[in-house]
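Peer 1: Residue numbers (our numbering), protein chains in the order written: chain A, 1 to 462; chain B, 1001 to 1462; chain C, 2001 to 2462; chain D, 3001 to 3462.
The set of hints was computed from the structure by calculation and includes no laboratory data. By construction, the Cβ of each residue, glycine as well, lies at the ideal position given by its N, Cα and C atoms. Be careful, since some hints might not be right.
Distance condition first, Cα-Cα at most 25 angstroms in a straight line; then the derived SDA-like pairs of lysine to any residue [to be verified]: (1) Lys2354/C / Lys1045/B; (2) Lys2397/C / Glu1394/B; (3) Lys3407/D / Lys2354/C; (4) Lys27/A / Val2325/C; (5) Lys395/A / Lys3347/D.
Not everything, but these chain B residues come out facing chain C in the computed CB check (under 7 angstroms) [said to hold, decoys possible]: (6) Ala1159; (7) Asn1260; (8) Phe1263; (9) Pro1280; (10) Ala1365.
Protein chains: 4
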Amino acid sequence: MNLWSGRFSEEMNPDAFNLNASIEIDKRLATHDVKGSIAWAKSLKDAGVLTTEEVDVITEALVKIQREFSGDTFTFSESDEDIHTAVERRLNELIGPLGGKIHTGRSRNDQVVTDFRLWFLENLPVFVGSIEEFQKTLIQRAQSDKGILLPGYTHFQPAQPILLSHWWLSHFWPLQRDHDRIRELLKRVSILPLGSGALAGTAYPIDRNQLAKNLGFTKPSPNSLDAVADRDFVLEFSFISALIGTHVSKLCEAIILFSNPSFGFFGLSDAYSTGSSLMPQKKNPDLFEIMRSKSGTLIGELVSLLCVMKGLPSIYDKDLQEDKVHTFTSYDILTTILPILSQAILKLSVNQEKMAEAIQPSLMATDIADYLVQKGIPFREAHHITGQLILYAEKNKIRMDLIKIEKLKQFHPLINNDFYQCLDANLSVARRKVIGGTAPDAVNAQIDQALSIVSLSTFLST
Amino acid sequence: MNLWSGRFSEEMNPDAFNLNASIEIDKRLATHDVKGSIAWAKSLKDAGVLTTEEVDVITEALVKIQREFSGDTFTFSESDEDIHTAVERRLNELIGPLGGKIHTGRSRNDQVVTDFRLWFLENLPVFVGSIEEFQKTLIQRAQSDKGILLPGYTHFQPAQPILLSHWWLSHFWPLQRDHDRIRELLKRVSILPLGSGALAGTAYPIDRNQLAKNLGFTKPSPNSLDAVADRDFVLEFSFISALIGTHVSKLCEAIILFSNPSFGFFGLSDAYSTGSSLMPQKKNPDLFEIMRSKSGTLIGELVSLLCVMKGLPSIYDKDLQEDKVHTFTSYDILTTILPILSQAILKLSVNQEKMAEAIQPSLMATDIADYLVQKGIPFREAHHITGQLILYAEKNKIRMDLIKIEKLKQFHPLINNDFYQCLDANLSVARRKVIGGTAPDAVNAQIDQALSIVSLSTFLST
Amino acid sequence: MNLWSGRFSEEMNPDAFNLNASIEIDKRLATHDVKGSIAWAKSLKDAGVLTTEEVDVITEALVKIQREFSGDTFTFSESDEDIHTAVERRLNELIGPLGGKIHTGRSRNDQVVTDFRLWFLENLPVFVGSIEEFQKTLIQRAQSDKGILLPGYTHFQPAQPILLSHWWLSHFWPLQRDHDRIRELLKRVSILPLGSGALAGTAYPIDRNQLAKNLGFTKPSPNSLDAVADRDFVLEFSFISALIGTHVSKLCEAIILFSNPSFGFFGLSDAYSTGSSLMPQKKNPDLFEIMRSKSGTLIGELVSLLCVMKGLPSIYDKDLQEDKVHTFTSYDILTTILPILSQAILKLSVNQEKMAEAIQPSLMATDIADYLVQKGIPFREAHHITGQLILYAEKNKIRMDLIKIEKLKQFHPLINNDFYQCLDANLSVARRKVIGGTAPDAVNAQIDQALSIVSLSTFLST
Amino acid sequence: MNLWSGRFSEEMNPDAFNLNASIEIDKRLATHDVKGSIAWAKSLKDAGVLTTEEVDVITEALVKIQREFSGDTFTFSESDEDIHTAVERRLNELIGPLGGKIHTGRSRNDQVVTDFRLWFLENLPVFVGSIEEFQKTLIQRAQSDKGILLPGYTHFQPAQPILLSHWWLSHFWPLQRDHDRIRELLKRVSILPLGSGALAGTAYPIDRNQLAKNLGFTKPSPNSLDAVADRDFVLEFSFISALIGTHVSKLCEAIILFSNPSFGFFGLSDAYSTGSSLMPQKKNPDLFEIMRSKSGTLIGELVSLLCVMKGLPSIYDKDLQEDKVHTFTSYDILTTILPILSQAILKLSVNQEKMAEAIQPSLMATDIADYLVQKGIPFREAHHITGQLILYAEKNKIRMDLIKIEKLKQFHPLINNDFYQCLDANLSVARRKVIGGTAPDAVNAQIDQALSIVSLSTFLST
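Throw the hints in and build the complete structure from the sequences for me.
Peer 2: If you want it as structure tokens, here you go:
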């Protein structure tokens, strides 16, 4: 059975049928399709198109089908072109020709995008849940790693000492922005297309405001042509996923690098790493690498969707069907990997000594320059003097804290014995106590702020 | 001069210097850089780092530099590596070593992203202005083209008649969603990074809340590492630009197609089309093609940025410098093309007869099925009967309105003389009067809604 | 069982194990993995590492495993992390500890890329087969549609009349270039990585030239680090696939447009089109739309791979595992769709009258200009005169062949009665008889050339 | 002046004109455009369309224009829409109406792509030159760094010791494959489109074989429609550029990482690094970072082009004009950066001690397993025993070379005093002497092979 054979005088070629069929992908929308049909039946009754008795019979059968999907007892037929066909076919099996009334006044065009939006409404909270769990992991690490210093790198060269807690939190905020983006996306998802028909609007007096409310949408779409063609919410989801990918891959990249023994900052847990088939000594950060590579895939999914949409001429084109496979891929990648990564990060061990060792005195160069500024020297000159001091130490292979005061004075006469305090990494960190700075107090305030954001999150109940 | 030569014992290779220099791109941030420095000087004074006198001298000089930029009299030097260097170099020329104090406690890392965010704060309203002008054009066309019918296509096959006004508005709403996205982006742009230093936060007691207020930001960034590394707002802008590209390219694609004489729906204005060097008869829709192709470029810009960011390990990396060229390209494409397209669209002529001609009776097939549904036939059966009717008309090459009633009754005995009303396109359109439908009343309400949205727009004064 | 547990004191977390496992994807390399192992065993014997007896036992067991894969009787175990593990696990089941000798001197790093290259060597001919079938379809149409004229469009505006055969062939040549690219790719695929070990080369005296020959490769890789890290051939395949996508999508786009009744050039076969659930009259070109949308996906697959590879620091990284899923997707898209499209194109009906109708006299404007050039008028002036003639005809709504000679002479006195011959589309076409032109003779020669290329194709036996 | 105003009754809007104009980009094709016109004039003469005298006058004027371009004395006019218009306009200034004959029988459609192909023919050797210089740099380093060992990483974890020369060469071969790809691309570039007219072929009896020869092309294009629409060579160039980007970025990434003092493998030259405006101690690998980021941009350029081409319906569309800006960007990035990077790499200092230090005894684990295999233990068991040995050493914090023989024998009784030889990194390296292995002999052979390839390169004279 298909839904449209009347004007055709020849059967569809079987290979073409299979290529055209989307059931393998859109069966994931099964329960949303039934939910939409139940609401549609009710709207048809309210519009005087179906009788109460008809709607009762239809609804009962649809509830039965819903249970078949939930219980995984629904049997798909070879001829089920898509999930809508499957449901209508089954409906006909259960209640006969009356089933043929359910599609009155609607089209698969408005139906499929309604289903898909319902899927998003149901699954975005799960998606956000994965992100929040990850964010909580980062806060947890920030709390448990308090007081530990590591070198902060810019251009991947040692720059200044920072608190490890501060570093963990620097990965929290990008995800919080993603969180905000998803909340905003949710508003745009929550628009009801049903009632737009194939393109021009349904010809039946459907109360779309009521229908929207019944299905949990905020309001109905304002333009039927746009309603069936709009996949912006899919592109936006895909973009946010790609962005999350870059955020998480950045952290993974750092963990991969810092787990190399030349750094030795992090130790991988046996439970979350793998070995080599050839080299018995290896312990590999595969999970972090997988996330890194998947961030490439997430970008590709977005590009696929943008390419599909670019320059499409018509109102609804079959091309739009490609929206789901890319969405599901992005969704599955992140909801699968993030929870595992959260666990793996909690299990990372920290080698405080290696971190401390990597904080060479030269990382306090900015503090030296600031010291000179305090003595009244313009910053740019102070920077230059410090640079020359560093060069001297490097050329003479002497650590800066071991340079005698007499020598130091040759660089500038105002340098005194208090100079050596500049080289204390803990003092350096403590000095940066502005909002957002790496000083312990500032970081504690930051942890509190992060905690309150996460605990106030109302996304799940939105 | 460069800002960092102290620890270097060899000059930079000139080719390497030129490759490294970003001045050609970031000179576009000149006024924002000066603005940021003026505010920073004030903050240094409030923090007790500079005296009132020092700040007065510095500020006066910076105001002079600002005027040089505005008046295009600023002379760049070969050694100006970037806009920050250029400004500090000029400051030193004007006030000597005191100029060397302006960089106290800040870094180019927090400075450049502050400049860039200031640029966005200034230019996003211009950007939105181009979109709003385009939206107004669409409303204007919807108003002036009232009452005109054209065939609506799905799968680029004739589907149902729709109002041309409805069609114009179907291109309005996607842009309204983009408008909303930019408003949300603006919140994320309006975060002050300055005070984050190179990465760890400034060591001076800067009141970052006050500084944010002075520069027109909502609030200071919560984490210094994230503050210097975050380019999410750039990616988000690039994504929205690509999305606008797909929206506008869709309209352009349709205009290109409908200007082909086989449709003949639209006539291009001489003032907005071009000819052929070889073929004297040609009138080509180049502008619409350019926009379509640029939508490809906009996607590429986004991909560039995503690829640059993916997997970056460090806090600030030079790679981030690539953010501006791609932003400026996307910004320039849209702010240049949209106003011209607006004009070109206003000048399009509409060929009402060609549109009417293309509405064959078969486009009312859904109305026929609905007619049968009204007679009590389940929709699926009604659909099938109508399909066979269409097939009959096609095979016998007879227009449906010319089939005699006796023949029609062979398809279903309930068909009566009122059948022929189904074939009236205007009635078909009028029937679709649900919210978002193509009926004149629904479209008029839609126009009002669009108008009120545009007239209420407060973006420019946000 | 895994291959590497010796140095681990804790079991891998089951979720992490599942995430890490690639078996669902790489089971597609099963027969290639066994083939590689049989050859490796032989090489180990030749190198004196295994005895003849050992190799006989191992080989016999591997042949049995090969049969299990071919006969689909191989049972995967939950613990099979990847295809290599699965095969070695089964080998151990069959022959005990001796199975543990097969991995001597090799690593999964050189093994997996050897398997993957073997997969390419086997499947590229199938891939090329799909393209060749498509090319043959195009030639077949060029042959059967001889003599039919249609308007050629540039900027999608009518330009000059062309032969339909010429148009079909214009889609043949891009595919021929793709064909050439695949042949060149094949050379780069045919390089043996096995013997490179994990990264540094195997420590056993393996004759890699002999091993290459045994496995059907041209030669061994020249650098072991590169050998295990190189995925260029995957990227290249993905690029060629994306390029084929743009080529085929261009044809599909044209068929979609020309099937719109305003053109009516092509009629879709019932066997290769679909209907609408709501609109009984619809016949939709879904297959062509699917191919068009998949060309977007093919671009996304390429981007995924490029993003995965960009900036990878190490020699072998787990990220490389992402190579297969994107390859298989691209491969499956094209080998599935192209044969169906070939059939659908063969079944397209051509409406010669509609094509002829769309060739308005103005399409012969270039011929008019050439006519004036023959009279001695410089082309640029001739172009201008013709343009004014067109403008006159358009403004006065008169077809050019109906303008009287007296009127024509007002445009230029040299215009004579032979002018009207310019307006004959068949003559216009016949004039373009240079190599590559649209004249019947030139097109016939082109068909012969295309035929001889296709019939000489030796790819399958390469 | 424009080339096509005859049929237009209104001037083009100036903003639209500027948007449409491509002169800022395509002026780079100036000399190629003139070259093409000179050859075209000759062909018109051979075809009997122009007289010898006419062609002489035209040619002389074109040669003069060519000199104006070379000498940078050509004056562009505001009305020069594109380079073709500019040249024809100047020709008319120089020789009057006769200049109007040059465009006889050709179109800007076949002209622009001929120009662009000529540009490629001229510039691909320059492009390849940059790559070859880079390849030579790699060979030079391989030669001068002979005998130095560093740890080879997989998953960025220490795997096995390798020769630094081997590592340098691992970056040579990918570029060699790119080199091959460009050579193959050259064949596809070397096809003459001229004579294809706007789309249907020229109506004049041009000898396109001769014309191809005169312009340095291999042969004329076989299909005029394809000839004007084909931009495959542009896409292919863009893909190869992106691929080169990933290759070079991989090396840059490694240098960036290995310059971090925790590795300390490489020392950056002062002449090729930069400092920090704030942190006086910094020496940053900016050039390597720029190349890494530009590899992202190169991918974006490719995506732009693919998106532009995807789904274009017509034969020539204005969209194709977007081909040049992306090509020039990719070309300029690589020809600018590669030579500088070559120099920077030659100036890198190597810290042999730090490399040696990072080769811990555990990197010889594979050698230990191989040792056990030699004693007759199956590899898989040998691997397991070695893993446990590693675990023991790690848990007891004892270096493997310091474990006593008695203890070792507890792991397996066959372990003898010769065990300790396994731990010698130089011996480990020397054992891998298969083709492509890291043993000194194999690497020397590899250097010879690389040298002979580079010295035999005949690309420049192709």
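Peer 1: For every hint, state whether the structure bears it out.
Peer 2: Outcome of the hint check:
The straight-line distance between the Cα atoms of Lys2354/C and Lys1045/B is roughly 80 angstroms, outside the 25 angstroms bound, and the hint therefore fails. Between Lys2397/C and Glu1394/B the CA atoms are separated by roughly 32 angstroms; this puts the pair beyond 25 angstroms, and the hint is violated. For the hint linking Lys3407/D to Lys2354/C, the alpha-carbon distance of about 92 angstroms lies beyond 25 angstroms, and the restraint is violated. With a C-alpha separation of about 22 angstroms, the suggested pairing of Lys27/A with Val2325/C holds against the 25 angstroms cut-off.
Among the hinted pairs, Lys395/A with Lys3347/D is consistent with the structure: their alpha-carbon atoms are about 18 angstroms apart, no more than 25 angstroms. Nearest Cβ of chain C to the Cβ of Ala1159/B: about 6 angstroms, under the 7 angstroms cut. The hint holds. Interface hint at Asn1260/B: satisfied, since its Cβ lies 5 angstroms from the closest Cβ of chain C, which is below the 7 angstroms cut-off. Annotation: interface hint on Phe1263/B holds; nearest CB of chain C at approximately 5 angstroms, less than 7 angstroms.
For Pro1280/B, the interface hint holds, since its Cβ comes within 7 angstroms of a Cβ in chain C; the closest pair sits about 4 angstroms apart. Of the supplied interface hints, the one on Ala1365/B holds, with its beta-carbon coming within about 4 angstroms of a beta-carbon of chain C, less than 7 angstroms.
Hint check: violations occur at hints 1, 2 and 3; the rest are consistent with the structure.
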